[in-house]
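Student: Sequence:
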Amino acid sequence: MWLQRLSRKKEAESTDLLSTNLKRCLTSFDVTLLGIGHMLGSGIYVVSPTTAKDVTGPAIIVSYLIAGVASLLAALAYADFGVRYPRSGSAYSYIYFSLGEFWAFYVGWNVVLENVLSTAACARACSAYIDSLTGYTIANSIELVFGKLPGGFWSETPDLLAFVILIGFVVFMTFGMRATSGLNNTLVCLNMIILGIVVAVGAYYADFGNWKYKPENPNFNASAQVNFVNGFLPYGWSGVFRASASCFFAYVGFDAIAAAGEEALNPQKSLPIATLSSMLIVTTVYVLVSGVMTLMIYFADISKTSGLPEAFAYHGAYWAQYIVSVGAIAGMSTVIMATVFAMARVCYAMADDGLLHEAFAIVQPRSQIPIVSMYFFGLLAAIIAMLLDIETIIEMLSIGTLMAYLLVACALLVSKYTPPEQTIDLQLESATAFPKVSDSPKLSQVIPRGGSLYKVARKPASNGHILKSHFAFVSKFLPQDYSQRFLVIVLLCVLVLSTVVACLMIQVTATSWAAIGWVAMALSLCTIVLCTFLLFAHELPENKSSAGHQYNMPLVPFLPVCSIVINTGLMMTLEIWTWLRLVAWVALGLLIYFSHGIRHSKLNHRS
Numbered sequence: 130m131w132l133q134r135l136s137r138k139k140e141a142e143s144t145d146l147l148s149t150n151l152k153r154c155l156t157s158f159d160v161t162l163l164g165i166g167h168m169l170g171s172g173i174y175v176v177s178p179t180t181a182k183d184v185t186g187p188a189i190i191v192s193y194l195i196a197g198v199a200s201l202l203a204a205l206a207y208a209d210f211g212v213r214y215p216r217s218g219s220a221y222s223y224i225y226f227s228l229g230e231f232w233a234f235y236v237g238w239n240v241v242l243e244n245v246l247s248t249a250a251c252a253r254a255c256s257a258y259i260d261s262l263t264g265y266t267i268a269n270s271i272e273l274v275f276g277k278l279p280g281g282f283w284s285e286t287p288d289l290l291a292f293v294i295l296i297g298f299v300v301f302m303t304f305g306m307r308a309t310s311g312l313n314n315t316l317v318c319l320n321m322i323i324l325g326i327v328v329a330v331g332a333y334y335a336d337f338g339n340w341k342y343k344p345e346n347p348n349f350n351a352s353a354q355v356n357f358v359n360g361f362l363p364y365g366w367s368g369v370f371r372a373s374a375s376c377f378f379a380y381v382g383f384d385a386i387a388a389a390g391e392e393a394l395n396p397q398k399s400l401p402i403a404t405l406s407s408m409l410i411v412t413t414v415y416v417l418v419s420g421v422m423t424l425m426i427y428f429a430d431i432s433k434t435s436g437l438p439e440a441f442a443y444h445g446a447y448w449a450q451y452i453v454s455v456g457a458i459a460g461m462s463t464v465i466m467a468t469v470f471a472m473a474r475v476c477y478a479m480a481d482d483g484l485l486h487e488a489f490a491i492v493q494p495r496s497q498i499p500i501v502s503m504y505f506f507g508l509l510a511a512i513i514a515m516l517l518d519i520e521t522i523i524e525m526l527s528i529g530t531l532m533a534y535l536l537v538a539c540a541l542l543v544s545k546y547t548p549p550e551q552t553i554d555l556q557l558e559s560a561t562a563f564p565k566v567s568d569s570p571k572l573s574q575v576i577p578r579g580g581s582l583y584k585v586a587r588k589p590a591s592n593g594h595i596l597k598s599h600f601a602f603v604s605k606f607l608p609q610d611y612s613q614r615f616l617v618i619v620l621l622c623v624l625v626l627s628t629v630v631a632c633l634m635i636q637v638t639a640t641s642w643a644a645i646g647w648v649a650m651a652l653s654l655c656t657i658v659l660c661t662f663l664l665f666a667h668e669l670p671e672n673k674s675s676a677g678h679q680y681n682m683p684l685v686p687f688l689p690v691c692s693i694v695i696n697t698g699l700m701m702t703l704e705i706w707t708w709l710r711l712v713a714w715v716a717l718g719l720l721i722y723f724s725h726g727i728r729h730s731k732l733n734h735r736s
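Basically this note's numbering = 1-based index in the sequence shown + 129.
Derived from the structure by calculation, the hints contain no laboratory data. Treat the hints loosely; a few may be bogus.
[Said to hold, decoys possible] Here are the simulated SDA-like pairs of lysine to any residue, each with C-alpha atoms no more than 20 angstroms apart in a straight line:
1. LYS433 - GLY445
2. LYS138 - LEU516
3. LYS433 - ILE452
4. LYS731 - SER136
5. LYS277 - THR434
6. LYS138 - PHE357
7. LYS341 - ALA353
8. LYS433 - ARG307
9. LYS341 - CYS318
10. LYS433 - THR303
11. LYS433 - THR263
Given these sequences and hints, build the entire structure.
Tutor: In C-alpha cells form, the structure reads like this:
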C-alpha cells in the first residue's frame, strides 16, 4: 500500500495540460530572455572569479564547456518533457508524470533549495558590486553599527543591502508577470551589450603570458599543488572536473524556461526554441568572458567578489570598471527575478498537488501570481543572503541541480520505453463491485460519471514488454510477470551504480600512477555497462505515444544515457560537506512529505 502511494503518478489528461490558474502572456522571445537572464549573470559575476582563482585557473573555460555540454543534454530532456507536459513545476512535474510522487517531491524539494540559495548568492553578489561603486562605504557602516559575525560559514558582517535588494524585487514582482518580463527584457539586453564591450576591451588588454606559470607571484605556489600541470592547468584536471560541477550553477537558468510552461502563450513552440537558443548563447558568452578575464589578469590575482571590475582597474581602465559594475548589477537583477519566478512556480505546483501546504498555492487574483510562495521563500532567501558567506552558499548549490538533471534523464528513458496503458471503463452498481476481467488489470480507480460509478482499469499494452529477437534469451532469467518499465528502471540503477563505482575508484587511485590499472579497470567497467545498456535499450520497443509532438529529444537513448553518466560523475566530485548539507535538507523534506504531503496529495481523492 505504501509503495503504491509513493509510486503513484499523475495522469496526463490532454484537456488539463493547458489549463492553469496563472496568466498566459509570455512569447517565445520573452521566455528566451527569461532563460538568458537567469543564466547570464550568476556564472560571470559570481562563479567565475571564485572558481578561476581557487579551483581551475585559466582552465575555467574548459570547465564551462564541460558543464555546458552536460547542461545542454539535460536541457534537451527538459524541452522534450516541456512540450508534453507544459506545467509550472518543471522537473518536479515531469517526474510526477513519469516516475511517481515520491521522486517528484524529492526533486521538487531540492529544486526549491537550489533556487533559494541561487537567489541568495546573486543578491550578495549584487550587493558587493553596488558597494564597490560607493568605495565600500555601506559595508563599513554596517560593520560599525552591528560589528562582525562569528565567522566560519557566516558572513563577516550582516549584508543588509542584499536583504533589501531581494525583498525589493519580490515586492516589484507582485505587480505581475508582464511588468516583470518587461524589466527583465530591458536588463538582459543592457547586460548583453555591456558583456560585448567587456569581450572587446578585454581582448585589447589580453596577455597570453597570464596563461603561463609565474613563480614570482606570491599568491600561488606550484610546489604546494600536487595536481599542478602548467600555467593553464595550475590545479590539474581534477580541478577542472571539480569546477565543472560548480559551473552547473551558471546554467540552471533553463529550469526557469521549463517553469514558464503555464505562462507561455504557446509552450509547445516556445519552450524548445527558448531552451536551445539560450543555452547556445550563454555557453558562448561564458567561454569568451572567462577567457578574457584570465587573459587580462593572472588568475591568482583575481578578486573573488568583483573579478571583472578589478581586472579592468588593474590596467587603469577605470571607465570600463564602472561600466562592468552596471552590467553586473543588471545581470544580477535578472538572475534574482528569474530565480524568484522559478522558485515560486515550483512551490505553487507542489502545493497545488497537495504535497506542500495549500497556502503556497494561493494566487493573487489581479496579477495571477503565486504570491504566498514568492513571499515566503523570497524572505527565506533574503535572510540567507544577509547572514551566510557567499562561498558557503555556492558550495551548496550544484548538487540539487545535478540530481534533478539525473532524474529527469532517467524519467525520460522510462517514459520513452514504457508502453502506453490501455484503459477499460466498466460501469458499476457500487464502488466495491468489480467484475472479473480476463486482462487482469493491475491498477484501478473508481470515479463518478453522470450519476453512475465507473471503475477505470489499466493494463499494460499487449506484448509491450517482449524483447526483440537479439535479447529474447534474457527473458529466461526474469520473473514471468516482469514489465518493460521494470527492466528499464533496473538497468538505470545498474548504470548509475557502475558510474559511481568507477568515479570512486578513480578518485581513490588517481593520486598514484602505480594504480593506473585500477583506473583503467574502472573506466572499462563503466564503458561496458554503458554500451550494454545502449544496445539493450535499442532493442526495446519504444512508446510511440511519446512521439508526434513538435519536439522530441534526438538520439534516444544515447543522449539521455550520456547525460546520466556525466551528471553522476560530476556529483561524485563534490565535497563531502555538500552531501551532508543535502542530507539535512532532504531529511527536512521527508519529514514534510510523510507528515503532510502523502496524506494531502490530490491523488488520494482519485483513488
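Student: If a hint holds in the structure, say so; if it doesn't, say that too.
Tutor: Structure-based check of each hint:
1. LYS433 - GLY445: Holds. LYS433 to GLY445 sits at ~19 angstroms (cutoff 20 angstroms).
2. LYS138 - LEU516: At roughly 39 angstroms apart (the allowed maximum being 20 angstroms), LEU516 and LYS138 break the hint.
3. LYS433 - ILE452: At roughly 18 angstroms apart (the allowed maximum being 20 angstroms), ILE452 and LYS433 satisfy the hint.
4. LYS731 - SER136: holds (14 angstroms)
5. LYS277 - THR434: The hint holds at about 18 angstroms.
6. LYS138 - PHE357: violated (50 angstroms)
7. LYS341 - ALA353: Answer holds: LYS341 to ALA353 is near 17 angstroms, not above 20 angstroms.
8. LYS433 - ARG307: Given pair LYS433, ARG307 is violated - Cα atoms ~35 angstroms apart, limit 20 angstroms.
9. LYS341 - CYS318: violated (35 angstroms)
10. LYS433 - THR303: violated (33 angstroms)
11. LYS433 - THR263: Holds. LYS433 to THR263 sits at ~18 angstroms (cutoff 20 angstroms).
The earlier numbered hints that this structure contradicts are 2, 6, 8, 9 and 10.
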